[in-house]
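**Student:** In case you want the letters, here they are:
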Amino acid sequence: EAGVTQFPSHSVIEKGQTVTLRCDPISGHDNLYWYRRVMGKEIKFLLHFVKESKQDESGMPNNRFLAERTGGTYSTLKVQPAELEDSGVYFCASSPTEVYEQYFGPGTRLTVT
Amino acid sequence: AQSVTQLDSHVSVSEGTPVLLRCNYSSSYSPSLFWYVQHPNKGLQLLLKYTSAATLVKGINGFEAEFKKSETSFHLTKPSAHMSDAAEYFCVVSALMNRDDKIIFGKGTRLHILP
Chain D
1 EAGVTQFPSH
11 SVIEKGQTVT
21 LRCDPISGHD
31 NLYWYRRVMG
41 KEIKFLLHFV
51 KESKQDESGM
61 PNNRFLAERT
71 GGTYSTLKVQ
81 PAELEDSGVY
91 FCASSPTEVY
101 EQYFGPGTRL
111 TVT
Chain P
1 AQSVTQLDSH
11 VSVSEGTPVL
21 LRCNYSSSYS
31 PSLFWYVQHP
41 NKGLQLLLKY
51 TSAATLVKGI
61 NGFEAEFKKS
71 ETSFHLTKPS
81 AHMSDAAEYF
91 CVVSALMNRD
101 DKIIFGKGTR
111 LHILP
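In order, the protein sequences belong to chains D and P. First residue of the first sequence? That's 1 in my numbering, and the numbers climb one at a time after it. First residue of the second sequence? That's 1 in my numbering, and the numbers climb one at a time after it.
The hints are simulated quantities; they were obtained by calculation from the structure and are not laboratory data. Note that this is a predicted model, so its numbers are computed, not measured. Wrong hints could be hidden among the right ones.
[What the hints assert, rightly or not] Listed below are the simulated SDA-like cross-link pairs for lysine to any residue, each with C-alpha atoms no more than 20 Å apart in a straight line: (1) D/54 <-> D/24; (2) P/42 <-> D/5; (3) P/42 <-> D/39; (4) P/42 <-> D/42; (5) P/107 <-> D/85.
Construct the complete structure from the given sequences, taking the supplied hints into account.
**Tutor:** Below you can see the structure in the form of structure tokens.
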């Protein structure tokens with residue numbers, strides 16, 4: 001069984017540019033989560049999808065971040081325009097039910113210069 | 001509200017000696033507690049979880065953790081460290097039955113294994 005995959009593994013962009021991160025959850029997992037780890041800080045929750053619906057987006061830092069999950073399969077997280085403080089590692093996780101353990105992807109390391 | 005504190009940002013042990021990674025939590029509800037490990041360039045992997053069953057939880061790779069409510073602790077232990085255990089470890093708390101609460105990560109403990 002394939003695990004959670006994320007693309008790209010690394011991205012380096014300039015301040016003001018746009019970046020789109022992609023997450024492919026484990027097939028059949030309705031729940032998809034995005035997290036972010038800024039350097040030196042703890043991993044923080046961004047948002048939670050159940051199928052294609054946003055269950056909870058209270059962790060999204062501001063309106064420069066837009067997450068979508070069209071069709072309830074893969075998800076994208078767009079940052080537009082990127083700022084220096086957006087640098088960090090963005091993790092995606094999926095689970096079959098909300099009370100089940102979450103399976104994490106390897107993360108996308110985003111560097112904004 | 002919930003919080004989790006990993007008391008050490010770095011721990012170094014010699015190969016073959018015991019490992020202790022400390023975690024304290026606070027939760028308004030009966031918590032679920034997890035330990036995850038991240039090896040370089042890999043995703044977070046679940047080591048073990050406590051969800052109100054047995055207080056001593058055994059996980060993969062010889063790790064175990066004990067839920068101590070009186071001490072609000074969930075320390076991770078292993079009797080004998082192996083070089084492959086070198087990684088970053090995260091303690092996580094969740095009140096999964098309370099939909100308003102998120103899962104909360106500790107800041108992580110980086111485990112170094114000395115030859």
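**Student:** All the hints need checking, so say for each whether the structure fits it.
**Tutor:** Here is what the structure says about each hint:
At most 20 Å may separate the alpha-carbon atoms for a hinted pair to count; residue 54 of chain D and residue 24 of chain D meet this at roughly 16 Å. The suggested pairing of residue 42 of chain P with residue 5 of chain D holds, with an alpha-carbon distance near 11 Å, which does not exceed 20 Å. For the hint linking residue 42 of chain P to residue 39 of chain D, the alpha-carbon distance of about 17 Å falls within 20 Å, and the restraint holds. For the hint linking residue 42 of chain P to residue 42 of chain D, the alpha-carbon distance of about 17 Å falls within 20 Å, and the restraint holds.
Note on residue 107 of chain P and residue 85 of chain D: the hinted pairing holds, with a Cα-Cα distance of about 18 Å set against a maximum of 20 Å.
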